[in-house]
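J.: Residues in the sequence shown are numbered consecutively from 6, following the numbering used here.
Keep in mind that the hints are not guaranteed to be accurate.
[As the list claims (entries may be wrong)] Taking lysine-lysine pairs in the DSSO-like style, the calculated list, with each CA pair at most 27 Å apart, reads:
{"hint": "1", "residue 1": "LYS751", "residue 2": "LYS784"}
{"hint": "2", "residue 1": "LYS634", "residue 2": "LYS518"}
{"hint": "3", "residue 1": "LYS457", "residue 2": "LYS634"}
{"hint": "4", "residue 1": "LYS634", "residue 2": "LYS705"}
{"hint": "5", "residue 1": "LYS338", "residue 2": "LYS469"}
{"hint": "6", "residue 1": "LYS518", "residue 2": "LYS485"}
{"hint": "7", "residue 1": "LYS457", "residue 2": "LYS784"}
{"hint": "8", "residue 1": "LYS518", "residue 2": "LYS249"}
{"hint": "9", "residue 1": "LYS457", "residue 2": "LYS469"}
{"hint": "10", "residue 1": "LYS338", "residue 2": "LYS420"}
[What the hints assert, rightly or not] Have a look at the derived ranges for each label pair, beta carbon to beta carbon:
{"hint": "11", "residue 1": "SER783", "residue 2": "THR864", "range": "50 to 58 Å"}
{"hint": "12", "residue 1": "THR760", "residue 2": "GLY865", "range": "20 to 28 Å"}
{"hint": "13", "residue 1": "PRO419", "residue 2": "LYS182", "range": "52 to 60 Å"}
In case anyone wonders, no lab produced these hints; they're calculated from the structure. A virtual CB, placed ideally from N, CA and C, is assigned to each residue, including glycine.
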Amino acid sequence: MWKILLILAMSWLFSASAHAESVILSDGSVLKGQSLKDTPDSLVAETSFGTIRLGRQDILSVQAESASTAEPSATKPVPRLEESYGVDEDRAATRLIARVWGEDTAAAFQQMDRTAKATFLDIAWEKESRLLHTYYYGYHLGLRHFTVSPAFFERDGMIPRRYVSGFPTIHDVTVWKAKEYAREILRINPDDAVAMGALGYLCLELDEIDEARKLFTKAVQKNRRFVEARNGRALAYMRMHHQKARALKLFRETVAMDRTYVGALYAMGMCHIAMMGHDRVGLDEYFGRIVEADPNHPDAYYKLGAFNEALRRMDRAAEMYSRQLAVNPSHRKASERLAQVSMMLKGASEQALTHEELERLSGQDPSTYLPLLAESFIDRDDYERAGDCFSRYIAALPAEESAHYSDLSLLADPKTVEEIDTAYPREERRRLIRQFWVLADPTPTTPLNERKVEHHRRVYHARKTFADGIDRLSLLGWDKRGDVYIRFGAPDHQSWSDFLVFETKPAVAKVKKRINHLAHDALLEILPPRHLHGASVTIGGGRQVSSDVRGIPTFPLPRRTTIMSDGVETGYEWESWIYGNVGGGIEVTFIDEIGKGFYAFAQTPPGSPNRLLWQSLAPETVVGRIVNKQPSTYSHDHGGDPIGLFAAFAAFRGDDGKSDFEVYLGVPTSDASGGGGEAILEREVTVYDRNWNVVHREAKTLRETVEPDRQDGLVVDQLNVALRPGEYLVAAQVRQPSTGGIQIHKSPVTVTDYTGAQTVALSDLELAGRVSPAQGASKFRKGSWEVVPLPTQSLSADTPVNLYFEIYGLTRDDFGKTNYQVDYEVETQAGGLSIVSTLGRLIGQGPDDLKSRVSYEHTGDTGDEKMNVSLSLPEASGPAARITVRVTDLGATGHPSAHRSMELTIAE
């Protein structure tokens, strides 16, 4: 057995690639790998971390290595037993080998010389128990300065989530196995200080803190220079309640004994984070020492990046995250934060990752970069691809995570949310959700819903930015900052307790000035006084204070005493957000009262003499007041100024049980032409059924020559759709391509069922701008008439009212004749009605009544009739009129009737 292990060891130790290279970076760190592509601007290399691209400006030098010239130690040093490995350690090793691999292997081991034993112990124990190799045999082989696994520091919320790297934990079974081996060594050699230290580290990994402390203390007593045991003892105290200050002192003593002990430096920095929480004082100094001692450290740059990000030094944070990925490409959190910081820098007109880089990275790591690529597409106004990125990202999430993106509780009003939550069966719930998103869609004529894309963007931002203080077992996805962000989007201004930003934008300054004025007599409650600026005013007994609070919330915040021993008084961490266009302008203050990164609304101070004032300005009150009126806000940039659009609808009997539904659209000629000689409009119409599914979608470009004297006219379009009777939503959009002018119309409509009627029926009324004999094919043709609709539903008092409608189901007598009466009734504020066309016998009218009526009696040869009539209104008709058409079938028993009405606006 031992011979086989030895052969494998030697073949591994002396193998080397003929094309291996060492790339020395400008910061002193070294990457080893094989060059794949070398250009004047960059170097692409295959490393153990994968394929990476390095810019030439980041490379100090490249050194090639050859298998024929490189020493074996260039790959891995030849193992050598240190003086610490003596007779007792050898005896324990032999007995442990016999237990694990048998007596024959133990006997062979005893016959080896010291060099062969070193090789055997190195290879055999690395394969059998990597942890025992690390904490015990590695020490005897000169592989010292070890420490706990990095996951040790991330247990039980020991450090703020911002600094958590997400290192995997070691499986307990692996630790138990190594622990049993270490115990066996101590049974054989009870005074083995190195074994005590090894067992202590294994106890730390299993969170057996008190046993670990005792083992390390005993090991240090036996060997005062045993720095690894001193580091372990400090780690044990770090995990004990109210002992972090003592732990930090022990770490400092350990580092003072050996300043090259990077593991102790890192542990000391982590202890500092655990002590200070979000205060961050001195953190850059601690981790700066680590990267100075070890430029290739796998995590220290990430901590520096998180530190700088917390201080809003985004450019510096991006640099640190990039350095971390250069030396440790597998650091997932560094990759995620670099992507996020890159988008923040982009929002500030800076750049960390280009769109092309995001496209490439999203293919390699979609869970990290797809949302960032989506945001990049949003910046390019490509919402279709942005929506696709978010859809792919959300589809790959666990159910409990994807639920955050489908939750509508922060978007819809409480009644709608309750209706959706209680809907049954499941398909009804889906229908209500579709209804919500269609009604919220700023461009309902397109397949894409920009509001939904924006919601996904806001939720992603909330999950990545406002969840640091959320308990992992909590069902919450973010703190109150996330709630406000998802409802209202990014604030126009932010200021932080550790990074004050004065209100300089005009819209923001206006809001701040108004709130300062409201709180004028209570400004003495707002601390610290040094942030009061502007003109002094006299309050109370003549004390002078400023009337202008800048950089801090215009809201009193509680005070506390810092955890530092110097007793300096300091405030809780807070954030202040100002929205200039939400609720007329608001300021919302969040506070972290527990020091764990969980921000809630700042509360009204108890016992304040100005309690009523602060209650009215309390963030929860302000936000609640707005949410009651409008649960969420979103303003979509349609890329152009609004233009005029008028829409009207009418339905007539069609074929196969359907109705011919007609959509009439009108755009002022000046808007459609942009002032030129040709009107051009890009028109889109989409029809949704009762289940909020699309039943018709159509897009078309309209072109029409405009005469110079028709600039005040109307460009009219008509769309015919065959629909089954029922309820629908019609959405229409028009855009003038040269000016970018745009308008969108949404309207619910009901399509009447004209099939199977047992009595007379009347179609909808179409208000026409012109009715004339048809000449050739036309979209406005109805039988022998060309009926050009008037979508404005508005006309001047001296303009004839042209109506088109159809009658169905008239009763025919024995001679095939029909006999029916048509009544026209007009309701106005004053005046009467006159008849232009004489389509029958006048029955009567009341010219001075508020409600005027005229009737005609008709005969015909068919059960269906197509009718048009032209009416004129008197000058004193008023601003509005209601026209009702009633048809009575005089040839049917009981004289059944049907009627339709239309509202008109009368222009002066």
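J.: Hints the structure violates: just list their numbers, smallest first.
T.: Hint check: 4, 7, 8, 10, 11 fail, others pass.
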